[in-house]
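Asker: Sequence:
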Amino acid sequence: MPNPEAGAAGPPGAAVRKRSVTVAGHRTSFSLEEAFWQALKDQARAEGLSLAALVKQIDRDRKGNLSSAIRVYLLEQSRRI
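At position 13 of the sequence shown (counting the first as 1) the number is 107 in the working numbering, and the numbers step up by one without a gap.
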């Protein structure tokens, strides 16, 4: 049964938003749920990196699309805790 407090868009943090950052001198866009966006900012801060630097690192090592690579990276980092 749907959660009426979550609203029509789903649970809090589930709304997908497109973001843009500059990576290696060019603007790149990716879509992430708000919860992943916040986790990405938190991870960059924890690693002492700018958001763009962390995205550049993930982009360099990725195999699939950037949005998926970011989600997988954040999941892997959360499992190390």
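Just so you know, these hints were derived from the structure itself, not from any lab.
Note that the Cβ used here is the ideal one computed from N, Cα and C, for glycine as well.
Any given hint could turn out to be false.
DSS-like cross-link-like pairs, simulated, lysine-lysine; straight-line CA separation at most 25 Å [claimed, not checked]:
{"#": "1", "residue 1": "135", "residue 2": "157"}
{"#": "2", "residue 1": "112", "residue 2": "157"}
{"#": "3", "residue 1": "135", "residue 2": "112"}
{"#": "4", "residue 1": "135", "residue 2": "150"}
{"#": "5", "residue 1": "112", "residue 2": "150"}
Distance ranges between label pairs, derived from CB positions [unchecked claim]:
{"#": "6", "residue 1": "113", "residue 2": "140", "range": "12 to 20 Å"}
{"#": "7", "residue 1": "105", "residue 2": "144", "range": "14 to 22 Å"}
{"#": "8", "residue 1": "175", "residue 2": "121", "range": "14 to 22 Å"}
{"#": "9", "residue 1": "173", "residue 2": "128", "range": "27 to 35 Å"}
{"#": "10", "residue 1": "120", "residue 2": "174", "range": "27 to 35 Å"}
{"#": "11", "residue 1": "175", "residue 2": "151", "range": "16 to 24 Å"}
{"#": "12", "residue 1": "119", "residue 2": "175", "range": "18 to 26 Å"}
{"#": "13", "residue 1": "120", "residue 2": "175", "range": "29 to 37 Å"}
{"#": "14", "residue 1": "109", "residue 2": "145", "range": "26 to 34 Å"}
Asker: Now tell me, hint by hint, if it's right for this structure.
Answerer: Against the structure, the hints:
Note on residue 135 and residue 157: the hinted pairing holds, with a Cα-Cα distance of about 22 Å set against a maximum of 25 Å. For a cut-off of 25 Å, the pair hint linking residue 112 to residue 157 stands: about 20 Å separates their Cα positions. Distance check on the hinted pair: residue 135 and residue 112 sit about 15 Å apart at the alpha-carbon level, within 25 Å; holds. Of the supplied pair hints, the one linking residue 135 and residue 150 holds, its CA atoms being roughly 13 Å apart against a limit of 25 Å.
A distance of roughly 17 Å separates the Cα atoms of residue 112 and residue 150; the hinted pair therefore holds under the 25 Å criterion. For the hinted restraint 12 to 20 Å between residue 113 and residue 140, the CB-CB distance of approximately 19 Å keeps it satisfied. Separation of residue 105 from residue 144 is about 29 Å and departs from the stated range, judged on CB atoms against 14 to 22 Å. Distance hint for residue 175 and residue 121: a CB-CB separation of about 32 Å, inconsistent with the stated range 14 to 22 Å.
At about 21 Å, the CB distance of residue 173 to residue 128 disagrees with the hint of 27 to 35 Å. A hinted range of 27 to 35 Å for the beta carbons of residue 120 and residue 174 is consistent with their spacing of about 30 Å. For the hinted restraint 16 to 24 Å between residue 175 and residue 151, the CB-CB distance of approximately 19 Å keeps it satisfied. A beta carbon spacing of about 33 Å between residue 119 and residue 175 contradicts the range 18 to 26 Å that was offered as a hint.
In this structure, residue 120 and residue 175 meet the distance hint of 29 to 37 Å, their C-beta atoms being roughly 33 Å apart. In this structure the hint that residue 109 and residue 145 lie 26 to 34 Å apart at CB is violated, the actual value being about 19 Å.
Violation of the numbered hints given earlier is confined to hints 7, 8, 9, 12 and 14; the remaining hints are satisfied by the structure.
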